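Q: The primary structure of each chain is shown beneath.
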Amino acid sequence: MDASLILIPLVLFALIGFFGPVIAGVYLAVKLNGRR
Amino acid sequence: MNTTLHLLAEDYLRRLEQASWSLPSHDRAELLAEIRGHLQAGLTPESTDADVRNLLDELGTPEDIVAAAQASPDGAPVSGMPTAAPQVPASPWGAVEIVAVLALTLGTFVVPIIGPIVGIVLVWASTRWTHREKTVATILTVLPVIVLAVGAIGLVSVRSSGSDQPLPVEEHAPVVVTETGAP
Numbered sequence: 001m002d003a004s005l006i007l008i009p010l011v012l013f014a015l016i017g018f019f020g021p022v023i024a025g026v027y028l029a030v031k032l033n034g035r036r
Numbered sequence: 037m038n039t040t041l042h043l044l045a046e047d048y049l050r051r052l053e054q055a056s057w058s059l060p061s062h063d064r065a066e067l068l069a070e071i072r073g074h075l076q077a078g079l080t081p082e083s084t085d086a087d088v089r090n091l092l093d094e095l096g097t098p099e100d101i102v103a104a105a106q107a108s109p110d111g112a113p114v115s116g117m118p119t120a121a122p123q124v125p126a127s128p129w130g131a132v133e134i135v136a137v138l139a140l141t142l143g144t145f146v147v148p149i150i151g152p153i154v155g156i157v158l159v160w161a162s163t164r165w166t167h168r169e170k171t172v173a174t175i176l177t178v179l180p181v182i183v184l185a186v187g188a189i190g191l192v193s194v195r196s197s198g199s200d201q202p203l204p205v206e207e208h209a210p211v212v213v214t215e216t217g218a219p
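Taken in sequence, the protein lines are chains A and B.
Here the working numbering is used: the first residue of the first sequence is 1, the next is one more, and so on.
Here the working numbering is used: the first residue of the second sequence is 37, the next is one more, and so on.
No lab work stands behind these hints, which were simulated from the structure alone.
Treat the hints with care, since some could be wrong.
[As the list claims (entries may be wrong)] Label pairs and their computed distance ranges (CB to CB):
1) A:Ile16 to B:Ile150: 16 to 24 Å
2) B:Ala161 to A:Val30: 16 to 24 Å
3) A:Leu15 to B:Ala65: 33 to 41 Å
4) A:Ile16 to B:Val157: 20 to 28 Å
5) B:Val157 to A:Leu15: 21 to 29 Å
6) B:Val157 to A:Ile8: 32 to 40 Å
7) A:Ala14 to B:Leu49: 44 to 52 Å
[Claimed, not checked] Chain A is faced by these chain B residues, among others (derived, beta-carbon under 8 Å):
8) Phe145
9) Val183
10) Leu191
As the structure is a prediction and not an experimental result, all values here were calculated from the model.
For each residue, glycine too, the CB sits at the ideal point set by N, CA and C.
Model the full structure from these sequences, guided by the hints.
A: Next up, the structure:
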């Protein structure tokens, strides 16, 4: 099996993994700011 | 009877603490601090038991205060309770909250894996987010990691099974033995 077929989904998964905490941080910031 | 007065007030605060368990942690801490401040302002060392009881009666029962706090939007002061001083709207951002959000957003890229872990620990250490908000943030952080892990394991297993796949063999093919030739 071609290595790129493995790498492309893995990179996509890694991007999702990176953006999860970022989304969580933005969510918490919005919630806290909305409490002013 | 200074000790008795304080005991009555402390007992009241203890009952309020127990009754307010359902409030968000931030609102609960704010409410308890507000009531404690009100009691401290309204009582003196010379206050009698009757004075304390009158003050506590003015406040209402702990259950009434919790109900009023739940009914009032964004933790407004409890009705009927005089405010000691005009409240200056304090920023909801504390040091813990700032570091937690930075660890989750920037920390994810600067210090992968460790940054989000530190961020989530600080989020749970903070009292300014509700339990629900903390849970949502934790799921948002952890779920992609689980998806990533499951996806990686799945891809590796697909890859290994695809490359090492043996030729198909009919394992349970019936073996037919025929005897030919006459005895």
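Q: Hint by hint, where does the structure go against what was stated? Just the numbers, ascending.
A: The structure breaks none of the hints.
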